[in-house]
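> Throw the hints in and build the complete structure from the sequences for me.
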Amino acid sequence: MYLYNSATHKKEEFQTHTPGRVEMYTCGPTVYHFAHIGNLRSYIMEDVLEKYLRYAGYEVNRVMNITDVGHLTSDADEGEDKMLKGARREHKTVMEIAQYYTDAFFADCKKLNIKTPDVVQPATGLIPEFIQMVSGLLDKGYAYLAGGNVYFDTSKLERYYVFNDHDEEDLAVGVREGVEEDTNKRNKNDFVLWFTKSKFEDQALKWDSPWGVGYPGWHIECSCISLKYNGEYLDLHCGGVDNAFPHHTNEIAQSESYLGHPWCPQWFHVAHLNTNDGKMSKSKGEFLTVSLLEEKGYDPLAYRYFCLQSHYRKALVFTWENLDNAVAAYQKLIARIAGLKPGGDVDQAVFEQYQAKFNQVMGNDLNTSMGVTALFDVLKAKTDDATKLALIGDFDRVLGLELLKKAAAKREENAKAQTAKTEGGYTVTGEGDPAIDALVMQRYEAKKAKNFAEADRIRDELKAQGVEIVDTKDGASWKRV
RNA sequence: GGUGACAUAGCCAAGUGGUAAGGCAAGAGUCUGCAAAACUCUCAUUCCCCGGUUCAAAUCCGGGUGUCACCUCCA
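In terms of the numbering used here, the first sequence opens at residue 4 and continues consecutively.
No lab work stands behind these hints, which were simulated from the structure alone.
A virtual CB, placed ideally from N, CA and C, is assigned to each residue, including glycine.
Check each hint, because a few of them may be wrong.
Stated by the list, open to error - EDC-like cross-link-like pairs, simulated, lysine to aspartate or glutamate; straight-line CA separation at most 20 angstroms: (1) Lys118 to Glu405; (2) Lys335 to Glu405; (3) Lys231 to Glu259; (4) Lys335 to Glu416; (5) Lys143 to Glu235; (6) Lys383 to Asp348; (7) Lys385 to Asp397; (8) Lys95 to Asp106; (9) Lys159 to Asp142; (10) Lys451 to Glu464; (11) Lys450 to Asp440; (12) Lys54 to Glu298; (13) Lys424 to Glu405; (14) Lys118 to Asp106; (15) Lys409 to Asp397; (16) Lys409 to Asp399; (17) Lys476 to Glu426; (18) Lys482 to Glu434; (19) Lys282 to Asp245; (20) Lys413 to Glu426; (21) Lys113 to Glu298; (22) Lys317 to Asp368; (23) Lys344 to Asp397; (24) Lys191 to Asp156; (25) Lys335 to Asp302; (26) Lys360 to Asp380; (27) Lys409 to Asp388; (28) Lys413 to Asp388; (29) Lys482 to Asp436; (30) Lys408 to Asp302; (31) Lys360 to Asp397; (32) Lys466 to Glu426; (33) Lys344 to Glu298.
To be verified - Simulated DEER-style distance windows between Cβ atoms: (34) Gln363 to Ala438: 52 to 62 angstroms; (35) Asp168 to Glu93: 36 to 46 angstroms; (36) Gln135 to Glu16: 32 to 42 angstroms; (37) Gly23 to Glu93: 39 to 49 angstroms; (38) Asp397 to Gly234: 27 to 37 angstroms; (39) Lys419 to Glu297: 18 to 28 angstroms; (40) Gln356 to Lys95: 49 to 59 angstroms.
What follows is the structure in structure tokens.
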């Protein structure tokens, strides 16, 4: 497969350290609040990537961290810990908050059909390992103590800016009001590995360490968790684009300095979900969650479809109109699949032909938009329904839209309609409610008498009850919607 | 100020040098008393702009412009 690699700025053939096996790491959520649908876009695309890798025959070991400590609102030893902020907002302990939002995160993932990673590791569960790594970096001379904190010395590296061509001189520090430069730092981009001194005194979670009681910096957790569960050679690291600098840059600095050899050659960055005025963000206050979509009557999987229609490396603009567009497309797709008749033999030649095409587009930098198009191509293909259903089921192992399941449910719903009444060649089919059958028949009588006002009145009355009439060739059918 | 990504119809988009896929929306038709649903058809001489290379450019090169992101915590 070919994947765009943000470390080299090129599309490259995907390679693994151990043939056939992918060591994959994905940055997980900071569990101080609900994930918004912009956050979830990344997890959806990573999920599709993981599923495609498995589909393509790789064995995948996917690791994800849960940031439940040490995530400052700023890198400059300033501001508040996000976890603590969340806890204070809700009058709960930090650990209660972490558990609550971790559960909420995975509940959202489930609704979006995002597979839980093979390993999920909360940062607070690995403190001794963090300390060991920080000690190692100090021993090797890559870190220094200043003002009570341990910092990573970026000047010790030959190449620190791996994702872009920053010139240290040009980096703006404290761009935003209220962020002060940390004067303990020797270089502009040095970052904290371990805090013992913080400007806020009531940090809830603290651990003893060789440098005093404190807590880890944000970046160390990902390096350390990956090292523990993926081993010394990581194949693929994923995350949102905003993490490329400084978070991923710092991870590389730490990991390679500690290990003494190259660490992860391939980086997969997902672009943001934007609103009309820039990216969706928690710091802006209002944000959309999966629950909110559900409250508004949206199927979370329609949002997944919305994301798949676009490419992961392209900013996607969220508007309700765009989502409605996706909902219509998703529902039509399901309705068309529901119209296919299950059973019968699969035409192997046709199956392989279409499968190869799907494989090719998905293997081309995860072209999900073309992957979705492949579904429509199958529907239009000149082959039998059994083959079409088999292909759709096969593609959906990667796309994760639960197409067969939804189509089967729809088919079942349609089957509930049973012949209820036939009079004078006019057949009313419905879900088995004689009262409604009678009304539909009354409407027919009114139509026959050219009393269209009455006929429309009955249609409106049924609609108010949530019953939809569909006129057919020789009668009418109704269903509850 | 620096760095990076992106720019194709009303919207989401494919396209990786050979003459603009697909989906949604819209319009027309069939059906219908009308509507809905369904089905059929239509819908970019042109790909942000200006140059260049080439028999041939949305695709390659140079120069602009615009949008977004990162340099603060964010997916």
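> May I ask which of the numbered hints given earlier this structure violates, with the numbers listed in increasing order?
12, 13, 20, 32, 33
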